[in-house]
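Here the protein sequences come in this chain order: F and P. Read in order, the letters of the first sequence are residues 1 to 344 in UniProt numbering. Read in order, the letters of the second sequence are residues 1 to 344 in UniProt numbering.
Just to be clear, a hint being listed does not mean it is correct.
Treat identical chains as interchangeable: a pair holds within one or across any two.
Stated by the list, open to error - Think about it this way: if two alpha-carbon atoms lie no more than 20 Å apart in a straight line, the pair counts; the simulated DMTMM-like pairs of lysine to aspartate or glutamate are:
(1) LYS239 - GLU282
(2) LYS155 - GLU282
(3) LYS155 - GLU280
(4) LYS134 - GLU314
(5) LYS254 - GLU208
(6) LYS254 - GLU55
(7) LYS192 - GLU221
In short, the hints are calculated from the structure, not lab data.
The chain contents come next:
Number of protein chains: 2
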Amino acid sequence: MGEKKFAIIGCQHNHIEIFIEQMYQLGYSCAGIFEEHDRTLAAVIAEKYEIPLVENKLSLLGETIEIVGCASMNHEKIDVIELCEQYGKSIMVDKPAVVNQDGLARLEVIIERNRIKVGMLLTERFHPAIYTLKQYINQGKLGELVHIGMRKPHKLNASSRPAWFFNKEQCGGILIDLLIHDYDLLRWFTGKEIKSSAGLVGKSVLPEHPTFYNTVNVQVELDDGLLTQLYADWHTPSKSWTWGDGRIFVTGTKGFAELRLSGDPLLGSSTPIMLYASEEEEWSKVDLIQPHATITADFLSFIKGEASLLTHEELIKASRAVLDADAAVLYKLIPSSKESEPHV
Amino acid sequence: MGEKKFAIIGCQHNHIEIFIEQMYQLGYSCAGIFEEHDRTLAAVIAEKYEIPLVENKLSLLGETIEIVGCASMNHEKIDVIELCEQYGKSIMVDKPAVVNQDGLARLEVIIERNRIKVGMLLTERFHPAIYTLKQYINQGKLGELVHIGMRKPHKLNASSRPAWFFNKEQCGGILIDLLIHDYDLLRWFTGKEIKSSAGLVGKSVLPEHPTFYNTVNVQVELDDGLLTQLYADWHTPSKSWTWGDGRIFVTGTKGFAELRLSGDPLLGSSTPIMLYASEEEEWSKVDLIQPHATITADFLSFIKGEASLLTHEELIKASRAVLDADAAVLYKLIPSSKESEPHV
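Excised from the complex, chain F in its bound form (with noise of 0.2 Å):
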């Protein structure tokens, strides 16, 4: 056939489907989707995409098939990656790639081998909004940054999540499930390394699912000091017009800027906004600038040895921090006297 292909293992989320969608604009059609537990996600988007639904995954591992992607339970996405090794496939998984510190231990085995790339959907990276505060900072236009702070609110949908999303153990937990990307984006704006993580991740809802926690509150301190604010949960009313009313506040010392992740329906706009002030501008939204490439085409010139924005070091690197700012954080019941740990 010639044409280009790759293969889904472990359809859990829909964050897949913005693989599946830039593999297509890319040129490559789908072999298969594999799904080892509850199909009922992967049966959606196979027939949404016209992408069979395979039973045997290694039917999806042979000559034809260039790369995987995969959004298995977030626990199992290191079993799906090691076993794409063993084929020396190159495998794209959602975040988080890892939830635990021995899943970090064997992700870093196969990083160091280098036999495979792995990538991860650190997609926020690639967002519009985001990926112009990145240029402004580049460009000095907010001088010295002397705080960040980032709010990620988030809809719940407790009934149309599966099972595993509310088990720490399998999901990783609000904190590693939702501030990988926060991690990643402290590193890419300051260019310095995460130093320490304290906050807490607290529970006050939902006793049935008893490892499942709510919010997260964490101050994260960079290698120079810099502390910065990071604050997510799972509370974002119904009635919003979006899943979530994301938001990033960058101080300098030369100017200001606030991303509205989601855009802001009273101005008009469910797509990102940016807000910038400085010395000489005033408080206005700014022309967004598009990243050079999808998060998807930046993986493969990451295999193939070209530019990218993402490599192994980021995908490490923000995997060590959440799991190192998991481990530093409480759990704590609210309201409470005293402190609980998560039942992992």
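The hints should help you fit chain P onto chain F, whose structure is shown.
For chain P alone, kept in the frame of chain F given last:
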């Protein structure tokens, strides 16, 4: 004459105009302004309101004076409070009332004796958007609160600031000076007491003012374990429409609110805005509820023994909270490889 009179002892910050104007609205006239140190601002305000500048502060403590207003240098306000107690005059001070534990102890003695009433310009409780949010919380429109985040950026306008502003010992510094509002609001919104604070006060600018720090970043834990995030800086760009684009984000189990305290010029308004979404209501601006009285009228009610929003308890607890927080956080030069103590 029978005319109701007040006086100003200490005029180092134009916040005192809030008190002057509200006293005028209440039918009082001002007997005079006394300022011991630099009288630049005192002269401007005296001329603007046609108030005599007096040479002897004791002339403003006679029988005809019902109440004193004070915006002295922050570390000297407690001296004026003690002076007023000697003369049996209740006093409204700009915030912060005290800047160190010694000042707080002296204030507590006066509060305990209760010969006079002491008020403090915790004006944010009377801000229409903040007041409205409090009513929404009271009415259960946010459900149980799961997070509060507050941002308090400010313009520095360094050339217009008096020397004492840049001196930690005299001013109290960014945490005490600015976050006293936030600590008060945390107590007010939640009905909980402050348990602990952790964070950083950072210095990355103005080496010529060695004890001036420009950012503060704190996680504040309330008695029930709720963790909240506070941030303030002196980095609002000069081209911003406002002296400070203050924001308050409150997330509850039933609703979410964002306050844009200086409005949003892109929404056509530089007046305060409260945005709200819930399980029933889409994201929209809500009608603001005006507070029942000005902070000055509220203080006069308190003096008369009538119901008031602010009492001595709020004054002491907000003051103690910021002093405790200031002692708990790290002071750090950024970029820095080591911690530095503020030169206090």
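When no copy is specified for LYS254 and GLU55, does a C-alpha distance of 20 Å or less occur within a copy, between copies, both, or neither? neither (57 Å within a copy, 43 Å between copies)
Copy assignment of LYS134 with GLU314, given that the CA separation must stay at most 20 Å: within (16 Å within a copy, 43 Å between copies)
When no copy is specified for LYS192 and GLU221, does a C-alpha distance of 20 Å or less occur within a copy, between copies, both, or neither? Intra 10 Å, inter 28 Å, cutoff 20 Å: intra-copy only.
Reference check for the pair LYS239 and GLU282, CA-CA at most 20 Å: within, between, both, or neither? between (32 Å within a copy, 5 Å between copies)
What label fits LYS155 with GLU282 when the C-alpha limit is 20 Å: within, between, both, or neither? For LYS155 and GLU282, only the inter-copy Cα distance (14 Å) is at most 20 Å; the intra-copy one is 33 Å.
Between LYS155 and GLU280, at a C-alpha cutoff of 20 Å, which is it: within one copy, between copies, both, or neither? between (38 Å within a copy, 14 Å between copies)
With 20 Å as the alpha-carbon cut-off, assign the pair LYS254 and GLU208 to within, between, both or neither. Between. Shortest inter-copy distance 19 Å satisfies the 20 Å Cα cut-off; intra-copy 49 Å does not.
When held up to the earlier numbered hints, the structure conflicts with hint 6 and nothing else.
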